[in-house]
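Number of protein chains: 2
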Amino acid sequence: MELNTLLSSIKNTNGKFAEEAQNRLDSLTKPQGSMGRLEEFAKQLVAITENQMPVLDKKVVFTFAGDHGVAEEGVSAFPKEVTPQMVMNFINGGAGINVLARHAGAEVVVVDIGVDYDFAGAGLKSSSTFVSSKIVSGTKNMRKGPAMTRDEAVKCIQVGIGLADEYAKKGYKIFGTGEMGIANTTPSSAITAVLTGKSVEDITGRGTGINDDAWKNKVQVIKDSIAANKPDKNDPVDVLSKIGGAEIAGIAGLIIGAAANKTPVVIDGFISTAGALIAYLIEPKTRDYMFAAHMSQEVGHKSILEKIGLRPVLDLDMRLGEGTGAALAMLIIEGGLKIYKEMATFAEAAVAGKK
Amino acid sequence: MELNTLLSSIKNTNGKFAEEAQNRLDSLTKPQGSMGRLEEFAKQLVAITENQMPVLDKKVVFTFAGDHGVAEEGVSAFPKEVTPQMVMNFINGGAGINVLARHAGAEVVVVDIGVDYDFAGAGLKSSSTFVSSKIVSGTKNMRKGPAMTRDEAVKCIQVGIGLADEYAKKGYKIFGTGEMGIANTTPSSAITAVLTGKSVEDITGRGTGINDDAWKNKVQVIKDSIAANKPDKNDPVDVLSKIGGAEIAGIAGLIIGAAANKTPVVIDGFISTAGALIAYLIEPKTRDYMFAAHMSQEVGHKSILEKIGLRPVLDLDMRLGEGTGAALAMLIIEGGLKIYKEMATFAEAAVAGKK
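Chains as they are written, first to last, in our numbering: chain A, 32 to 386; chain B, 32 to 386.
In isolation and in its complexed conformation, chain A is listed as follows:
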């Protein structure tokens, strides 16, 4: 589907569904509103799916992987080869996202959207857990020029949309976002600075764990990248291509695709939320389909959440990415749905109501 046609098909969720869900919640054997945000999650799921009894039996977290030319500027504590090594770790089931996705009953789909490594040459082909959709072999160093062309960024978005379509069609009922890409807090911070108007210092964190000097260098690299590319803050795709990354674009696409498919999508941490901000600025109605998984320890995250208007489900000082927060938050969101679906009403349980 043409991107613009798809975007115009995205609608706000229908408040009537949330209202009916609230009526049911208020008939359950508990003081009204006493399950707090769990009630809110249930209402949002009903409104998104337009189904009074939503089902979350099939869950999937998409972990988009991409490399970043800007890694050569010394912005990360880890060497670049960790990106493909972690992709192998995801496939072998040993990474944090594998553990927490198993815990949440979710599948993990690893998407090579921009890794600078030849997985086909290494014998790895598309499978149920590995998707080969490489648009770039790593982005270019954004300190010296655009990370990607506009065409590449759009293609990455379309990869995400395509996955959303495919997995919605396969019957998956909730999506999670995740990513892997050494240096990817650098483009995420750059995007955050440009699109929220905050200073680079205020929204740049320590990523995988850099020291003070490396942090100062990272801030300078981000400032230089913005100065070199002059991204247009009124054009999210321009920002995404010039100072973004392939996995960030894939996540933005997945979210757009989720909204078009009336499927809830749980946004992981800082990098995923940078992707969500791009999706939101492309089409603000996508927000209705988003759940913010958690508050990352990465300092810029709060600013993007506020910009979109999302309140995170969890706050556990996590900062790993991969989709770990999204997997964990799915369990809480599902808890809210079960409260809504499984609790007895005052009438069913013969419990007296409020005096």
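No false leads were mixed into what you were given.
Identical chains blur together in the list; that is why a pair holds if it fits in one copy or across any two.
Distance condition first, Cα-Cα at most 20 Å in a straight line; then the derived DMTMM-like pairs of lysine to aspartate or glutamate: (1) Lys386 x Glu112; (2) Lys338 x Asp233; (3) Lys369 x Asp348; (4) Lys333 x Asp346; (5) Lys386 x Glu103; (6) Lys385 x Asp244; (7) Lys42 x Asp319; (8) Lys385 x Glu103; (9) Lys247 x Glu232.
Honestly, the hints are just simulated from the structure, not real lab data.
Place chain B on chain A using the hints.
Same frame as chain A, but now just chain B:
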């Protein structure tokens, strides 16, 4: 066992176990510390159980039920008969705690420790899910005198200790606390005011949902109860008996018993944490065995958590009680343990470390 002998058997957890657990956490394929509080939960479980590979296969939430004489002072939005009605709802599996315990893979054990209703007369006998350990048939109206005698309060504590012993012996690996008792935010607020030194106004909330006038009445009832009983703030059992409740005492006992059995215990919301504060003041080492499930919307909760020195796992605007927050938090704590146990190390996954 004599209470004092039991108390003297409670030890602080051994920091060496947490240290060894941290070494393993730092060898896993993630930046050090990047799983945030999930790492902390895993370390605490290792230290509590003195086991490098703890298992949480059998979980149980104890929902202690009791009535309160002070209910006749119009402090609750719900009539008193809701306490036994909700006990039946728990047994039939239709309450919030049943739903979330199923979600967390935990069993629910409902304990009649002080309900003003004859369940035996109604045909209900002790079973795997219902424990008949009635110490009082509701407390007395504390506005007019002590809620319980000191002897009754100690007996309620011993019920909790006995359950902890029994379920530890049966192989249960983690306990959760919960409660049901119309009007029980009133004694919880009274306990909080006396033991934290905060003003009654600052720590009194709206319980199941009372209006402004009823709230003002509730504050006055609490002030009158404290004035009438003059509980000794240096004697937690005196406070518990005069202005407490049977279920609060049972929870305090369960926590003491959990610590004595080196078993982690997840404290639910405001009322449970009032019980935890009593346990903590009786024996401060019990804190090492506690997890605070969530931050309740009930306004006094924060003050007790601070007094004990606990940071809650979740913050979801919940205020139902029953153990609902404890059940949900178990899922997050278990996620932390799985990260610790199941993730691949850098060596196993052949992933490069920090530069």
